[in-house]
Amino acid sequence: MTVPIHLRHDETFVLNLGPQHPATHGVLRVKLTMDGEYIVKAEPVLGYIHRMHEKLAEAGSFAQFMPNTARMDYLHALAFNHGWALVVEKSAGIEVPERAEYIRVITVELNRIASHLLWWAAFLLDLGGFTPLLYAFDDREKVIDLLERVTGSRLTYCYMRFGGVYNDIDDEFIAGTRDFIKRLRGRMPSLYHDLVTHNIILIKRIKDIGIITPEQCRRYGATGPVARGSGINYDVRKNEPYSVYPEFDFDVPVFDECDSMARYMVRMHEMEQSLRIIEQALDKLPDGPVMGKAPKVLKPDAGYYYSAVETARGSLGHRLICDGGKNPYKLKLRSPTFSNLSLYGEVAEGMLLADALAFMGSLDLVIPEIDR
Amino acid sequence: MNMLEKTQAAFAELFPQAEAGEGATEAATRQPGVLRTDPARHGSHLDVLCGPDQVVAVARIMDREGYFLEAVSGVDWLEKQQLEIIYDYNRLGGEHCRVMVRTQVPRSEPVVPSVSAVFPAADWHERETFDFYGVHFQDHPNLIRILLPEDADFHPLLKDFTP
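For the record, the sequence lines run as chains A and B. So the first sequence is residues 721 to 1092, counted in my numbering. So the second sequence is residues 42 to 204, counted in my numbering.
FYI, nobody ran anything at the bench for these hints, they're computed from the structure. As the structure is a computational prediction, the values presented were derived from the model and not from experiment. Even for Gly, the Cβ is constructed at its ideal location relative to N, Cα and C. Keep in mind that a hint or two might mislead.
Computed beta-carbon distance windows for the label pairs [said to hold, decoys possible]: (1) F733(A) - P147(B): 29 to 37 Å; (2) G756(A) - A50(B): 48 to 56 Å; (3) D865(A) - F202(B): 55 to 63 Å; (4) P73(B) - P966(A): 32 to 40 Å; (5) P204(B) - K1016(A): 28 to 36 Å; (6) D79(B) - G756(A): 52 to 60 Å.
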């Protein structure tokens, strides 16, 4: 015989989501206070994959930290490589040859597409659609093969060097990249958009769900597709140009709806913009060396340095403080999803649990990057 | 008036004896005030040194001028026995301008008012700085560890910390 449970209307219970949960894509834990199916309070609990990269940076030389950068945001590792290379080059005054800058942009943008493809696959998996994953991973595999050819690794790249890149690209890479551009452009309308974007089930699940106002973005410091899905035209590549991005003609997709669908659309359009950048970079690729002159042991002048790059998830900042020694005196990593996730509690309040999970997917979280 | 000049003018109420020009950023020789820095070299346009009691007033000015809080970081200057807290402010779109705000507190008594009432972004960043440096942020709504285990009894980014 079962005893009926009588819950009072104002009675809530605590539901533990994670740290091992398929929808959190990594070890994120969210402590949810629930009123039935509705969320009263959501508190993300971080730190399950914390590795203290900032202390590791202080313990080694500048070059020794390069492999660590790829192990934070493992989906857009080259942007983290790039960010670290840029801040150190800025502090030590190292010049980078033009060809190396072009190669950096090409590989970073390829990596951005791979990251968005994986996000797309995982997001739809969260919503219960398995098939899209197979298409996305098919295309992502092509990108990873191309990047493996030049960088030597498939996921945790350590490709950039202070003053250039480790390896030049060859004709086969260029031909393969051009093939990939053609392939993705061919598949995007029919497979990605017809199958998924215009799908009524997807629209019902994510349209008008998870509204983030532009003011919330500013107060919480949200950047990247999260901000651009809330009508904020902010992209580090345009607002604070670095590398050779000013030489390319590309748009920043901005959607004003502020919902999960808007963030979805931003990322889908960004893939096309990345293809445009890669195409122009391949057309204009200059000849020359891929490594400039850089001293073996770096000793930047004492001072405060900051450098930002646009990763697939938003603005990644390095706050570097040097004391004239051969190790960084202090490195603060401003990782984009740390700030993007901090607004989760405020936005998820009053949401249905199932919607809150769809909303979480639309933020594109990479937990090792939050926990560092 | 461009953004940089407008921001610099906004600080006039806080620092009446305004400094100007580019120059050294060595905190020991500087009085509280605003200094222009070369963004191509240092990444920030303004370097603001303020007292610990002024960080909330600075945050209000930044909020009024439409900035967002990018990050809060700590620095342990062991030789000077000082802990430094750095707030990076930036513009979310429009004309780019980054403002680095710094304040220093004695290492023996690291207490700074929290700016989380002005910028909720500061909530997690201040918790992280507390976690790593043991800086106590006054009036913070929930100053508990964020990345380290809740029962940790150390602050790993202090320079004299040995595991």
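Legend entry - Unmet hints by their number, sorted upward, for this structure: Failing hints, ascending: 1 and 3.
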